Each structure stands twice: as C-alpha cells, then as structure tokens.
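Let's have the full structure, built from the sequences with the hints guiding it.
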Amino acid sequence: MKVAILQMEGTNCEEESFIAFRDSGFEPEYVHINLLKPGDLEKYNVLFIPGGFSAGDYVRAGAIFAARLKAKIWKDLKNFVDEGKIVMGVCNGFQVLIELGLLPAVDGISDEPQAALMVNDSNKFECRWTYLRRENDTIFTSKVPEVITLPVAHAEGKFVAPNKILEKIEEQKQVVFRYVKPDGSKADYPWNPNGSMNDIAAITNPQGNVLGIMPHPERAFFWYQHPDWTRKKREKGDGSLIFKSLIKYS
Amino acid sequence: MKYEKISDKVYRVKMRDASDDELKKISDEMGLALNLEEMKRIKEYFSNLGRDPTDVEIHAIAQAWSEHCSYKSSKPILRKYIFGIESPHTIVVMQDDAGVVEFDENHAYVFKIESHNHPSAVEPYGGAATGVGGIIRDVLNMGAKPIALVDPLFFAPPDYPYKKLRQGIKHPRYLLKGVVSGIRDYGNRVGIPTVAGITYFDEGYVNNILVNAGCLGIVKKDKIVRSRVTKPDVLLVMVGGRTGRDGIHGVNFASKVLSEKSEEEREAVQLGNPILKEPLIHLILEANEMGIIHGMKDLGGGGLGSVVGEMCYSGGVGAEVHLDKVLLKERDMAPWEIWVSESQERMLLAIEEENLEKLKNLCDKWDVEISVIGKSIMEKNLRIYWQGRKILDLPLNFLTGGVEYNRPYKIQKIEKMQEIPPEPKYREIFLNLLSSINIASKEWIIRQYDHEVQGKTVIKPLQGEIGFETHGDAAVIKPLHDSWRGIAITTVANPQIARIDPYVGSLYTMDEAVRNLVAVGAKPHALSDCLNFGNPEKEEIMGEFVESSRGLGEAGRFLEIPFVSGNVSFYNEAFRMNIPPTVVLMAVGIIEDMRKAITTDLKKEGNPVYLVGETREEMGGSDYYRMIGVRSTYVPRVDLSETKRRSEELLKAMKSGLILSCHDVSHGGLAVTLAEMAIGGNIGAEIDLRSMGVMRDDFKLFSESPTRWVCEVQRGKEGEFEKIVNATKIGYVGGNSLRVRDGERWLFNVHLNILRSRWKNGLKDYLG
Amino acid sequence: MLKAKIIVRYKEGVDDPEGKTIKHALNLLGFEDVEDVKVAKYYEIKLSKGDENEVEEIIRKLLVNPVIHDYEVRVERI
Amino acid sequence: MLKAKIIVRYKEGVDDPEGKTIKHALNLLGFEDVEDVKVAKYYEIKLSKGDENEVEEIIRKLLVNPVIHDYEVRVERI
Ligand SMILES: Nc1ncnc2c1ncn2[C@@H]1O[C@H](COP(=O)(O)OP(=O)(O)O)[C@@H](O)[C@H]1O
Ligand SMILES: [Mg+2]
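Protein chains in written order, with my numbering: chain Y, 1 to 250; chain D, 1 to 768; chain G, 1 to 78; chain H, 1 to 78.
Take these hints with a grain of salt, some might be off.
Said to hold, decoys possible - Calculated cross-link-like contacts (lysine-lysine; reagent style DSSO-like; alpha-carbon spacing at most 30 Å):
| # | chain 1 | residue 1 | chain 2 | residue 2 |
| --- | --- | --- | --- | --- |
| 1 | H | Lys5 | D | Lys163 |
| 2 | D | Lys325 | G | Lys46 |
| 3 | D | Lys729 | D | Lys652 |
| 4 | H | Lys23 | D | Lys329 |
| 5 | D | Lys442 | D | Lys596 |
| 6 | Y | Lys72 | D | Lys329 |
| 7 | Y | Lys78 | G | Lys61 |
| 8 | D | Lys40 | D | Lys380 |
As the list claims (entries may be wrong) - If the Cβ cut is set under 8 Å, some of the chain D residues that face chain H in the computed set are:
| # | residue |
| --- | --- |
| 9 | Val122 |
| 10 | Glu123 |
| 11 | Gly126 |
| 12 | Tyr174 |
| 13 | Gly244 |
| 14 | Arg245 |
| 15 | Asp246 |
| 16 | Val269 |
| 17 | Gln270 |
| 18 | Leu271 |
| 19 | Asn273 |
| 20 | Ile275 |
| 21 | Lys329 |
Claimed, not checked - To spell it out: a stretch of chain H is covered by chain G in this simulated footprint if at least three of its residues, at any positions, have a beta carbon under 8 Å from a beta carbon of chain G; those stretches are:
| # | segment |
| --- | --- |
| 22 | 21-29 |
| 23 | 32-42 |
| 24 | 47-61 |
Since the hints were made in silico from the structure, they are not lab data.
Just so we're clear, the structure is a prediction, and the values are computed from it rather than from any experiment.
Using N, Cα and C, we set each Cβ at its ideal position, and we do this for glycine too.
If you want it as structure tokens, here you go:
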C-alpha cells in the first residue's frame, strides 16, 4: 500500500502523518507539489493531503493548494478517485478536497465547490480536543468504536453547505464523524469547536473512497499524545484506529 | 561639504576635521545612534589611517557597536555573574546564537529566548511575528529542528483607561490582540507548537510592552553547525528572502528610547513571511543532513553587517563581499542599506564550492532563492565591493571588537515595612483573586496557538479532563520517536517582587523555574535568560540590572544550572517611565521517562493532599496585597539549599510513582493552587489549614513563599511518601467543591462550577 | 495595463464571525450605536496584458467559493 | 443611520506576505501577466446615531495602525 503524502509550502503535519502511515503498515512517501508531474500518482494506492497552512491559507484555507493541484493534475486526480483508490485529507487537506470538489461530490465530482469550511464561529484558531461519534460504516472506520477523541487545530473548520446538498450528504450517509459531548449527546460550543452544520467533523464522497476530516487522527496515534493519559489508560491512540481500519481494508 | 560622492550611491564622509558638534550631527543625520565618544573613536581611528571613511564603513561600525549587537552596557556584568556556570552537559554556551546542551548520547537540544519589544510596541502584529521568526532562525542556525516556542508577554492591564494613554501609545487590549495574533499566525503557519509563555499585566508596561520569544530545537550531536568560517575560500551564500529597505536600523531602534516619533519609524517594522520560512526550514535541515554546511548564521539584528563579520572573525579568517550579488526587493538601494538591512527570512550559509550544486538543487525543490555573495579570505579583514570598486576595508578586530562600558550604578536601599490589613471576607477575596487578570485562565491565548503540531507535546500547557482543563506548570516534549526521554519547558518572571528587590526577585524567579520543572517530574537542566530593563544610562536602572544579574548568577551556580544563551533588552523607557526590572527565564528540564510525568489536575476521590515547603508571613509582591492595595517590602525569602533539597525529594517520590498530581504554589498562593488543581480534575477537595501552624488564615492562603508545591499522593502510600518528602498533609481529594477550613473555622466552600467560571472568565471578559 | 479591484464578501445569510467580533469589541469600547459590522476582502490586481475575462477567471479559480461568497469587480485600464 | 465603508491597506513599502504569496500562486497557475497583488480589508459599519468623527475614532482605536496602514473611508447617510 503506497501512500503519497503531498507537500507544499506551509503543509506542516506531514511528519506525524508519515509516522502514522508507516507504523500502520503502509509505505508512505513525500511528494512535493513543485516536483509533481502528470502520471506521478499512478504508482500510489493512497493520496494523502496533510494538515497545515498551505500557501499560508491566504485567500482562503486550502484554496491555493486546490487551485494548483487542479492546474497540474486535475485529470489524474479524477481518475484516481474514479478507480476507487483512496484519497484522504486531514484539516487543511479536507479544506483542499472541498475546494477541489472531490467532496462532498453528492452527484459525483463537481467543478465548483459544493460546500465550504469557513471561519469558526468563535472567529479564532482553536486548538482543543473533541469527542467524535462514528456515524456510518466506512472503510476508514471499521475498527473505530462509537465515540473517540481527537484534537482539532484550525481557524477555518465550520462545515457549511446549501440545504439541498446537506440533505443529500445525510441521505447518502456521507457523514463519518460528528462532534458530540463526552456522553455522546448533541454538541454545543466548545464541543462543536467551530459551529459546523449538523456538527459535521468528517465526510466521505458517496462512493466512500474519499475522506475529509477536520480533527487530526495522526496527532492521536499514540496513547501519550492524548491530553488525559495521566488520568486514563489506553493501549494506543484513538486516531490510530482510522489508519488500522484502512490497512485492513486494503 | 561633509559628504562627498565617490561612486554610485556611495559617499565619503569627511570626518577627520569634523568638530564635536559636527560629529553629533553626522550621527543624527545618518541615523547611527552613536554617542559623541563613539564618534570620536571612529574619527581617531580613521585619522590614524590617514583617510576618511565611506558611509558604508560608518554604518557598518555603528551597526556592530549598537547596544543590541555589542552588549556594550551589559557585557561586564554578565561576565561577572552569569557566564561560566559549570555543567557537564553543556556543548555550546553563550557563543553562537543559541545554547547547545546534551540531550542524550546522540542528541543535543538547542534553545534561546530573545526580546522583540520595541518593534512590537510600534506594530504589535508584525513585531511579534518577526520576533518569533527571528528566534526560530537562531535555533535553526545550529542545525537544529525547531520543535517548541514560548512567548512571555507583558502589558498594561486591559481595563487601562483610554484617556490616560499618551500620544502615540496604543491601548493594551489592541496591543495584546495584535501580539497574540502575530505569534499565532507565524508560529502556527511554520508548524512549530507554542507550548508555554507568560501573560502578565502591570501599569509599568503601558508605554513599553515586552514581547519575548523563545525557541527550542533538537539536533544530532554530529550535525551541530557552528556560526563560523574556519578557512579561506569558503563561499558565502545567502538563501531565503530578498533584501529590502524594511528593517533598516532595527538594532539601533532597539537601542533607543521610544518616543512619540517612534510611530514614524516604519522602516524598522516588518510583517515577516512564514510561508517563506517554512520551506527554508526544510531546506536547511536537508542540506545539514547531507553534511554540506560548513557554517551558518541567520540574518537578524544588524543584517549582513553583523553576520559576515562575526562568522569570519570567530573562525579566524576574513571576508570579501560583493554587494551587487545580493538579491534585492527594490531597485536602487544604496550599498550601506543592503549591508544593514534586517529583512526577514534570510540565512547566510558558508559552503565549499564543490557543494554549491547540491545546495542549488535543494533550493529548486523548495522554491527558495539563493545567491553567492562572497567568500572567506586569509587576511582578517572585511572587504566590500560595489560595482567592482572597494568601498569598505576594515580589520575585523576593530569592527567586531566593539566597545564596552562600565556604567555607573546605584543600588536602592530597601526600607523594611509591612502593612497589615483587616482580615478579609474569605470567599469573596478568594474568588476575586482567582478571576484577577494575572491569575485567571490564559486559555483565550493558549488555544489560539497550535500547541500540538508535530505531535510531540506529550504534556500540554492545559491539563486535566478534556473540556475542563487547567493550567500546567511546564509542557513536556518527547522529541524522539524511539526514546521515552522528555524535555520539559517553562517560562517564569516575577516583576512584582523584583521591583521591590531585584536581587530577591531573581532568586525567586530561579526558584519558580525549578518549581515548575520539578512539578512535572523533570530535573532542571539549563536556562536561557532575557533581561528586560529600562535605560542603562540611569544609575538606578543599572543598579537594578546589577542586582538582578547577581541573583541569577548566585542561584545558577548554587543549583548547578547553567545559563547557555540569553539576551539583554535595555532602553525600555518611554515618556520618562522605565519598566519594572523584568527578568524572564526560559527553563529546560529533562525527564528520563516521560511516562512518569505528572500533571496538575487532581485525579481521584480519597487521595491525600500534601503541602511541601514552608509558608511564611512575607506578603511583599504578593497578588493578594496588590489586589487589596496594601503595601509591604517583606518579599519572600529564598533559601537555595531548600530549593535543592526539596526538589530532589519530590523527584525521588515521583520516580517511585507515589505522586499523582502536583502544582507549585505561586501567584495567589495556596488557595489558587488548590483551585487550579480542582478545576482540571473536575473534582473537589477538603482542606484543613490547621497543620500549617499558627498564622492568620489570609497569610496561609495567599502568601507566595517560595519552594512550595501541593501534591496529591496515592492513597495508602502516605507512609512511603512521608519517608521521602518532608511535607504536611492538609486534606483529601473529593466532592464537587473546594472546602477550606482552619480547624473548626470554615473559610469557604465553593462549588467547582463557580470556581471554573470565575477563573475562566477573568481575562476572557476583556478579550471577547 | 489593467487594474482590477475586487471585493469578496459573504453572501447574504452567511454568518460573518469577524464582523460580529468587531461589533462586540466596538460596543465594549463604548460605541454603543454600532449596529452592524461586515468584513470583506479587497484585492487589487495589476495585469500587464489580460482583459476582463482573465479577471473573471482569476476570481472563479481562486478568489471565491460560490457557496459562501459574492463579489464585486471593477476593472480600470491604467 | 450612517453607513461607513472603510478600506484598510498596508502603506506603500510595507512588504505584505499575503499579496506576494497570491501573486506567486497566480503566476504558477498560468496567469503570468499578473504583476502585483495587494490585499486589503474592507469594512462596512452601520451606526444608528453617530457621525464622521465617531467613525474616525473607531478606525483609529480598532481598525488601523498608522505605522503600517493607510485607509480610505466613505460615509453615507441611509
Ligand atoms: N502568552 C502565553 N503563551 C502561551 N502560554 C501561556 C501564555 N501565558 C500563559 N501561558 C501558559 O499558561 C499557564 C499558566 O501560566 P502562569 O500562571 O504564568 O503559570 P504558573 O502557574 O506556573 O505561574 C502556563 O502553562 C503557561 O505556559
Ligand atoms: Mg507554576
């Protein structure tokens, strides 16, 4: 299982991501967008877009990264997805996937964005841990229990979409994780850290091979990355279960 | 005519026959910030040479002799007290841009803290951002990967009345928001976690805020790069951002008193570009891994001017530089401007010619610009060329040798006095303290910083049950994937005590550094100091500096913790008001096994709670006295042998796994410590102060006596714990409130929800 | 030479958290009669050749997300 | 009712990383004739009473730092 971890100026979660993939049994490689050419993606099974601030998140989070990918390898990307290969974007990566139209893609890949991850309701960058409830069965969550904790760290993570699109997302069971309170009940701020519609934290495309997730599973890969490990014993980090699910699937 | 044009944008300055008044005028006109004595020395030097200097030469000298670059006022004092504390672990101490200390057999950590006060006062967002950018480069310089940032900040209170602000001074709330945004946007974008800091409010900073920034990195021992060139014919290569007019005279600016006119000093202000820095970090680390960097130094204060000279001088060679080769942001810059520009995001690499191609390839990949600007030469001279013509030729020992002053100082006598207030209403005064701005939660700031990027922050700045976190004492980083060894980081300062007695203030601050590190289970290992003071030309200010340094040196030596890097910021004065003496420490500890690390949040019902250390009636500088407006000059007495003994005891008990939570006692005293522990654990405690002996209850609760911690001990292990640690049992964990009494007398009983909401909103209410 | 001035703002009905924060801050500062604050981004782009179509393309490809943004554009020849 | 429209931009000579990054991105996207990009903030503030002086005060206290910013303001009565 070869994973391409995309890099660009400002992506800054690639090392944690690399370790998470490697320790889960994948073969990850860094691929810098400056060196990326059409055809390069063919040899990979997974395309991963890590978190960070690509191009400073200037204009809008993820916008420049998405525009550059589109200009360089749009056809390859569409083929990659259509072939059923796996695409995963975390945080900034999720923003890129939305901007590209690879998510939510309710009626297939769209040329214009169908949703947005906009400025948090608090108007602030928020670095905090959240509780997430697994919503639907996907290849990314087969080993994930009902409620897990993962950290968020973003200023633009509020998921918004026009009502019709939102309805379709729900209908097609595209929601993977929702923010909840510790007891699993409906979240309010700060449990929903950004004001996302329907408390959406992660979605897939209807086919289920493209995942976008705001919280960072790669930052909760080991037990000692959890903030409450001095209170609560764990064997491994909750985030590792997402990577484990994926390797099992493949 | 004092200036004679000798080539395109280069002038000769007729200095040899200038009168004293003319010398002063030249200094002013050229913006040199040199005093008459210094100008005379330059005049004499060139008179002996038998020629007049070029403007480039004078600017180069002024730059090298600025307070910021030469430490001319502080060096003699630093040498006397702070330098040279022995430790078996140090590798590079007070030589290059950051200190290097052994981490384990194969690795070293690199760190430093520095001020960026004046630029931040004038433009908080850009000033703070470039402060972070600069300190990152200082660590990167040594070949290290930056893995943590800290940001001690000092402002006037957020409710300071607008009407009282002087012309040109910005409101503390505007400054605070700007500074925090600047640090956030820079640090988050480059992907380095900001894990600790200070947010301190006092009217003394109204005209002159302080913004200090520290960075820590990790490097393999055999990949440490020095800031020196040790042989001739090594290429000098600039990589990163271009050179522009921005930041010209930044170091002179930092060595000057702020005034109404400071608003106009725009050239000294920059925004910084994290998106240039981020690939630059990758590039440098990859080049270093390939082993092609001979020497390296970042272009910070003083620009090319201070870097080329210092790098070659310390390696025993000279340099030849062609200024036409420097890539510029704007055309028609004069050579002197290029030489002193402090544009951000630039590094100077010394590379052997055979490696140039490899470096160029890396630059292509990361989309970073590169230019060869000169090379090292045998002769220990600096020579600068412009359009083929030599425009500077000076021996390096003259240029970088610099000046030094033994400035006169006066040590203030301290009148002993202590007022005793009537006994307070305990519940009310306790909650007011808990929500006062210097004690209340700093969550509003901490969460805007990505304190977890890189995934190595294993003890976070906010600790406890998710969603209910409290303040921690230090953060712990686990820098290596395959080792449990951790680095604890904390920052401390106590201007409140230092303003009464700067010597004791330093001792107290050192004690607090130790307290914070020990509280997480780390052994104190090394320090970086940032000394922020007023105008050193005033004898009382110089006296504060001497006394503070004396305290630091004495404590460092006794505790065997070396200062490995540091920074002095003088001239923090505006409108004749000097800041309180502000010694800021970035302290680093080592924890052999991070799995044994300890947090501040209470863990479990039924566990006993202990107080370690002695509480005394010394209320000078306490938050309690300050809040109720009562005066005392009895500042807390620090006994360094107690600091040492008690921390060793605690560390031993922690190693044995007896301690479940621990928090040092600092601002607000025992009461605030207990409240913070309860908040994070989301569980209460019942406390009886009787075992602390006979003393008024407000002193027991709010005294800030040093060398104290509160510990939650594993139930049933009391005996074992008491055998190792000399401590007093004061109560038990449990319930949903904090209940405090002294024997039969109940002082307060406050529900967790009230504790939390008062503590959480104290500062947030001002910031929105 | 062309100079395009572009304002990108939130669509009617989309919350503007920054505007809200500023309004709140202004009210706190004593400007109690501030009723509403809206924040938008303003770009000035200079093109050496190009035309209105190119400007539109830039906007569509990079500057706006049509789910949340409206925009105004004015192009001047200079 | 008053409506103030305010543009806050960096002064000439302040090096703006955002504008620079966007220009670079546009060049890479094939818009090679983009010569310069400037980014500014645009505010629309509604005041129920107030006057031009109040608007100026708001700008000075919260929206600009004269060291690096220039601004333009237009006030309309509505
Ligand atoms: N400006 C800041 N940036 C980052 N962290 C901060 C800042 N100010 C305070 N903190 C963090 O808040 C916590 C409490 O700070 P403080 O009250 O100074 O600590 P202590 O309890 O040790 O006296 C610490 O973890 C500190 O690192
Ligand atoms: Mg502490």
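TODO: List, from low to high, the hint numbers that the structure doesn't satisfy.
DONE: When the structure is compared with the hints, none of them turns out to be violated.
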